[in-house]
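The primary structure of each chain is shown beneath.
Protein chains: 4
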Amino acid sequence: MKFDVFADLQYTANSAGTIILNIHALRTPNQNVVSETFSMQPYIKTEELVSNHGEHRLVRFEVAQPGEIKINYKATVDNAYKLVDLSNVEETPVHLLPAEVLEYLNPSRYCQSDKLFRLANNMFGFIEKPFKKVTTLVDWIYYNVQYLSGSTNSQTSAFDTVTEQAGVCRDFAHLGIALCRALTIPARYFTGYAYKLYPADFHACFEAYIGGEWILF
Amino acid sequence: MKFDVFADLQYTANSAGTIILNIHALRTPNQNVVSETFSMQPYIKTEELVSNHGEHRLVRFEVAQPGEIKINYKATVDNAYKLVDLSNVEETPVHLLPAEVLEYLNPSRYCQSDKLFRLANNMFGFIEKPFKKVTTLVDWIYYNVQYLSGSTNSQTSAFDTVTEQAGVCRDFAHLGIALCRALTIPARYFTGYAYKLYPADFHACFEAYIGGEWILF
Amino acid sequence: MKFDVFADLQYTANSAGTIILNIHALRTPNQNVVSETFSMQPYIKTEELVSNHGEHRLVRFEVAQPGEIKINYKATVDNAYKLVDLSNVEETPVHLLPAEVLEYLNPSRYCQSDKLFRLANNMFGFIEKPFKKVTTLVDWIYYNVQYLSGSTNSQTSAFDTVTEQAGVCRDFAHLGIALCRALTIPARYFTGYAYKLYPADFHACFEAYIGGEWILF
Amino acid sequence: MKFDVFADLQYTANSAGTIILNIHALRTPNQNVVSETFSMQPYIKTEELVSNHGEHRLVRFEVAQPGEIKINYKATVDNAYKLVDLSNVEETPVHLLPAEVLEYLNPSRYCQSDKLFRLANNMFGFIEKPFKKVTTLVDWIYYNVQYLSGSTNSQTSAFDTVTEQAGVCRDFAHLGIALCRALTIPARYFTGYAYKLYPADFHACFEAYIGGEWILF
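Residue numbers (the numbering used here), protein chains in the order written: chain L, 1 to 217; chain V, 1 to 217; chain E, 1 to 217; chain U, 1 to 217.
Mixed in with the good hints there might be a few duds.
[Stated by the list, open to error] Stretch-level coverage of chain E by chain V, calculated; a stretch enters the list once three of its residues show a Cβ under 8 angstroms from a Cβ in chain V:
1. 14-28
2. 33-41
3. 142-151
4. 166-176
[Unchecked claim] Over 12 angstroms on every C-beta distance to chain U, these chain E residues come out as not near it, computed from the model:
5. Ile44
6. Lys45
7. Ala99
[Said to hold, decoys possible] A short, non-exhaustive set of chain V residues, derived as facing chain E with CB atoms under 7 angstroms:
8. Thr18
9. Leu49
10. Asn52
11. Glu55
12. Arg60
13. His95
14. Pro107
15. Gln155
Hints were generated in silico from the structure; no laboratory data involved. Built from N, CA and C at the ideal position, the CB exists for glycine as well.
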């Protein structure tokens, strides 16, 4: 399926500095970037930074002086997706995980899976198959955590959200990731262009590594 | 029933200062202190501080210089208790609570009931009667929080324990109190001499205010 | 000096419940409430709750059903104040503090003085006299913590503010209290009607117990 | 200079699982691993995982069943070091940092630099050169944070330590890293074999990226 996505961003720089944007559509085996344009006003030379395993395509540029910066990004992407039945897939033992996936078992700034270890295992540890574990914990999050715009900020983490039970998609994703990792299921943050959202905005969800693939939840 | 209780305490004071002990058996309508002795070595003049509503009997004394202090307390208390069936008692509306009970609805250092508000109401809010609410949340705590000596310290609070799910009786009590308060049930910390515990020690639990009385959980 | 104060409050009750207001001017030896009126629309019978040592005058009333509630409070108060030179006053040892002051040495929900113990003593412990300790820590707060409306909320505590260094008067007060208590100086929250503030609002600061008196900072 | 290092580790596995060790000496331009032996009892086949930019050499192996595992590692390494005078080096602007260094500006599980942003800049932001910034903050840590074995655990983070001011080398390092990142100086955790420590143990410190190099602090 083809999608047109765009981002119109406007910043007021109060001082000189550097901006790093994470708005470019990824190029992956399942996502072909058919066309894209990126423009800025005023023009600044940019540099693209692609992470080793293709987790993100960053664009970095210097802001030499204070002032207004307008950024416009447009892309047409062609997404191949497939429906897979993972309900009977077994958990991958840690010694068989690809090396580059291991880091997604570690706790991180917003996903303190170490602190959620007992909770996650008390709540979801008894579920046998990993896919069912993740769908169950996602259901639990959506059922218990209230979507409440403005209730959280850039410092809110999964450790807060699991108890305070309010937040936005970013917080839902952090909590999902932390619970997965606490269950020894690799998980990572996913941000994308939301489909049919007005006004248009980015959306956050997460991916879990099940059956040798990153699955979007 | 009559009980003999005792506390043998030994402190090494590294500097001059003040010690405030909370080891004296309370005198309440249901607890008669038949006899008690309190002695110290070396002898220091003490002062008894009784709180307004009898929540504690503190003993305060000055430590004038560094050194060893041995304290011995013994008491025989006669406890009247009664079994009450509270299963059908309704919640007391806040406007009908005695004024001196109101503060036990507030969050406190170890019982951040404000942060547990949504969690408590998501988990236990649907239960109609307050006694059942409290017994259910106590069961939840005992079933999910692992008793693990040394896993927590004097800074651990209910906000930690509700997620980390390990601790000792003190932490169990703090969590119970925080959940009650989040459910608009007044609750307070209770510490006493444990019965038939070897080695002898204090024990912590909590009281909730239901049906016009403080009930021990 | 005489002051006219007022509060116009309007609530929308989404459900039945209880409201407890803390807006009445205190009656103290230094503050005479010359006149006051309190009215509500619709009329609801209220009850005044005065704490044992006069720390607050609460008004409690039942809200029997959802709806709008308008509250109007007006008072004329006559304040006697005195300027005292506390610069040479010594710290009061804990064993000489009045019993009712002791609780203001304890950590509380928003003032985790136990966690700030080393920090407070590293930063201000070397200062000899308590008055100078408090004025120095207040200066430190005003110099380092940015007044930033909207940066904090009702869950923010001194433990957050001492590091995040942004907040409003409430957060400044909590931090001041926590630092005082960590230095073994009793301290408590103070809220009042701000003088010459437009739009009119409550203001928070704190009191420390120095030289046998509660001093406003 | 040549050093002999060793690690004797003994684990009791309560269940089957995976162990990932981070005990192998790195091979870097400045560190030649002259010889090394790694042995286990019982023998288990291991796999070496080297991160992309050589930050660590992990060894992973499956533990197929509960039981005792003894691990022995010995190495002789030849370290070249140089003394560099960085006192006049300027800060590297973010747009000129190598791409693989950028992630070390991000907050992480134990180093919440976002929360320490104002504090770090209030305390050290006025210092002009990055080397002096880091040496000053390291001095501040050593002067204020008490080395107190057992006072922290695997959940303690820089956000805790900056206020509680007690910990071990791991906590000192986390705090140093968080402060550097809050000052826009890339920093990362460093763990190694302590020289002349009895009993022998690992030691933690940190590296900051100054003048195009990772400098050990």
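Hint by hint, here is what the structure shows:
no. : hint    : in the structure
1   : 14-28   : holds (count 3)
2   : 33-41   : violated (count 0)
3   : 142-151 : violated (count 0)
4   : 166-176 : violated (count 0)
5   : Ile44   : holds, 44 angstroms
6   : Lys45   : holds, 47 angstroms
7   : Ala99   : holds, 30 angstroms
8   : Thr18   : holds, 4 angstroms
9   : Leu49   : holds, 5 angstroms
10  : Asn52   : holds, 6 angstroms
11  : Glu55   : violated, 11 angstroms
12  : Arg60   : holds, 6 angstroms
13  : His95   : holds, 4 angstroms
14  : Pro107  : holds, 4 angstroms
15  : Gln155  : holds, 6 angstroms
Hint check: violations occur at hints 2, 3, 4, 11; the rest are consistent with the structure.
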